[in-house]
Amino acid sequence: MIAFFTDWGNDSYYVGVCKGVIKTINRKAEIIDVLHDTKKFDPKVNAHILHRFAGDFPEGTIFLCVIDAGVGGSRKPVIMKTKERNYYFVAPDNGLLTLVAQEYGIDKLVEISNEKYFFRKNYSTTFHGRDIFSPAAAYLSKGVPIEEFGPELEDINLFRYKKPEIKNDYLEGEIVFWDTFGNVQTNIPAEMGDTLFKKDDKIIIQIEDQKFEAYYERVFSDVLPGELLIHPESSGHLEIAINQGNAKEYMKLDTEGVEITLKRKEE
Amino acid sequence: MIAFFTDWGNDSYYVGVCKGVIKTINRKAEIIDVLHDTKKFDPKVNAHILHRFAGDFPEGTIFLCVIDAGVGGSRKPVIMKTKERNYYFVAPDNGLLTLVAQEYGIDKLVEISNEKYFFRKNYSTTFHGRDIFSPAAAYLSKGVPIEEFGPELEDINLFRYKKPEIKNDYLEGEIVFWDTFGNVQTNIPAEMGDTLFKKDDKIIIQIEDQKFEAYYERVFSDVLPGELLIHPESSGHLEIAINQGNAKEYMKLDTEGVEITLKRKEE
Amino acid sequence: MIAFFTDWGNDSYYVGVCKGVIKTINRKAEIIDVLHDTKKFDPKVNAHILHRFAGDFPEGTIFLCVIDAGVGGSRKPVIMKTKERNYYFVAPDNGLLTLVAQEYGIDKLVEISNEKYFFRKNYSTTFHGRDIFSPAAAYLSKGVPIEEFGPELEDINLFRYKKPEIKNDYLEGEIVFWDTFGNVQTNIPAEMGDTLFKKDDKIIIQIEDQKFEAYYERVFSDVLPGELLIHPESSGHLEIAINQGNAKEYMKLDTEGVEITLKRKEE
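Protein chains in written order, with our numbering: chain A, 980 to 1246; chain B, 980 to 1246; chain C, 980 to 1246.
Pulled out of the complex, with its shape left as it was, chain A reads as follows:
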């Protein structure tokens, strides 16, 4: 089974082309569309999204993940097999696999360089999604062993981010993305929140030089409309939201990846 994740949009025929390529190589391949309408050209934001959905797929799933950075430059196409779950990630080595590599461990990592497994076109430029990544996923789904695709690599490129941590009386972590409703996702596990805070605590949120106050709650309706709350999102991380409002706009956030601390307000 191939779980397909790109930032190409649902209004592009590129996704369709890649499905055609996969089915040409392996007529029996099963392709599951996961998401194609996500923040474009942003491997870091999408690394967090990949991390949030990957774990709900069955053992042995092949994840075909094509999110490239906007700017050029050379990054290797890779296949990463994980220790836990026996997952295969077919992706550019640009940080996109950072969190799933840390979560599931790297069992084997190869560069995709064996042209035998490329989709050959006599075009002068290359559409890597079609010509390299999709064929690799298709051949993997046919049972071609990972070693066949190219030389083993030592390690993937990791992007830097603030690891979530409990620091005496506060939590630190990072804002990782927001959704279309303006609900703001952090990388801080909900259990860390429950270690330091209890329901209805008033929390000081610090983001760079800005401070906000929010309630530590379970669900939106625990606060009044318009009030800020911190609560566990369904992925198991703390989310900052406004009941019937837009927290991202209220907090005037414009860049993901900023550090955040959460501390109980003493009263």
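Don't read these hints as lab results, they were simulated from the structure.
One or more hints might be untrue.
Intra- or inter-copy, both count: the list cannot distinguish identical chains.
When the alpha-carbon atoms are kept at most 27 Å apart in a straight line, the in silico DSSO-like pairs for lysine-lysine are as follows [claimed, not checked]:
no.	residue 1	residue 2
1	LYS1178	LYS1055
2	LYS1141	LYS1244
3	LYS1181	LYS1146
4	LYS1141	LYS1231
5	LYS1121	LYS1087
6	LYS1178	LYS1146
7	LYS1055	LYS1121
8	LYS1231	LYS1019
9	LYS1060	LYS1007
Given the structure of chain A, go ahead and fit chains B and C onto it with the hints provided.
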């Protein structure tokens, strides 16, 4: 076969997560995406949409329908098996199943409460689509009998709506939704229209205290550009539209569910 | 395998309805969504898009292509089997098949008129996608021979367009569509470009009475941000783009299908 219908949008990874959960439970499950980009948090509008597409699916289809109301409150997760067509609807009991229940009849109705068939996560909050509804659909597709999921219920919650009816010399019904082109859908069957009106009749449309005149026709091109018409939409219901125009804006509609009457203008 | 291509949008239940119809006729049919969010009511633009993705699908693929013109009028529903690749195209005969017919050759062409293979509904109007095209694709996928669907036709309707050509010292062709980034697609094969031009050449683009200067390059990053370039797009055609900009807006294009010439600037 699982027909998948939500209001989560095509820009959310939640749909992908649920596919992962389903395939984890039943690797052989076939998932058909029906629609994920529909009016959010509106069980009533989506009840009409569900009713319009369900009947074209084969007998025995499992419909996984996750449209919750915006506000909280407790509604039970249910599985409804229908008398006709042998359909299974896995959905929140919030009115979403009103029209398909009336159309196909309820053969058996259970609350989903047997935690054996939940997708267990140690999260403090619950994403019902992932944790309850998707697993139920997946286990049904594996052949688990409906009785296994929980206790039988007497009846589902129905929302109220104006049943379409022929009243002497006029028709009454409700405006149920509009599409992105501003074509306005009613719940009045086309046959009722043909009982009272004939092609090219001038019709008085009354919606609350507003009145409009339209022609009773077959297709858009039966009227001039800019003219209002009433005609049978492909689902078999009367639609109000403007040839090359936007009827919803012209009629200044802003809420679905308002009553409508249609009467021939005497001349 | 049925590759499904419409202009109905991802926010419409019509795509879902057609999947239901197909699965009702052939439970084993495999449906691959290619694209549903493309320029509406435009068979010509979509003929180019169809041509760009079709070739990457395996031999024997059934392409279900429902793009109708905005205005009414009668066009026949057809099935076209191609000489090369053994493809089947199920589509309205409105020019949509122009380029794939020229690329792969017509082996057999029939009008879909045998009502035995319609999806019968007692509705007074017809939704051809649901009632004629989808059933035809489904029955084809079950092995019904093309001759069964209706009488053979002589030829399809072709739309007119400027065939790409090398004219002494310049190239001529047509602007065929643009994407959401404003990258402008031509129908001129990249090889024609390489015949007349070399990397870094300055090129005069003429579109009607407007002239622009661009560099002939391989990739976006070969020019500075804001500069215009011409380069081979992944489909193998020349694309006009601005590095980190919107070429369509810069060139004030508003209609596809205009002629274009490319000539090296003498210096």
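Okay, the hints, checked on the actual structure:
1. LYS1178 <-> LYS1055: between (46 Å within a copy, 25 Å between copies)
2. LYS1141 <-> LYS1244: within (23 Å within a copy, 53 Å between copies)
3. LYS1181 <-> LYS1146: within (18 Å within a copy, 60 Å between copies)
4. LYS1141 <-> LYS1231: within (20 Å within a copy, 45 Å between copies)
5. LYS1121 <-> LYS1087: within (18 Å within a copy, 34 Å between copies)
6. LYS1178 <-> LYS1146: within (20 Å within a copy, 57 Å between copies)
7. LYS1055 <-> LYS1121: This pair counts as within: shortest intra-copy Cα distance 23 Å, inter-copy 41 Å.
8. LYS1231 <-> LYS1019: both (21 Å within a copy, 25 Å between copies)
9. LYS1060 <-> LYS1007: For LYS1060 and LYS1007, both the intra-copy (22 Å) and inter-copy (23 Å) Cα distances are at most 27 Å.
Of the numbered hints listed earlier, not one is contradicted by the structure.
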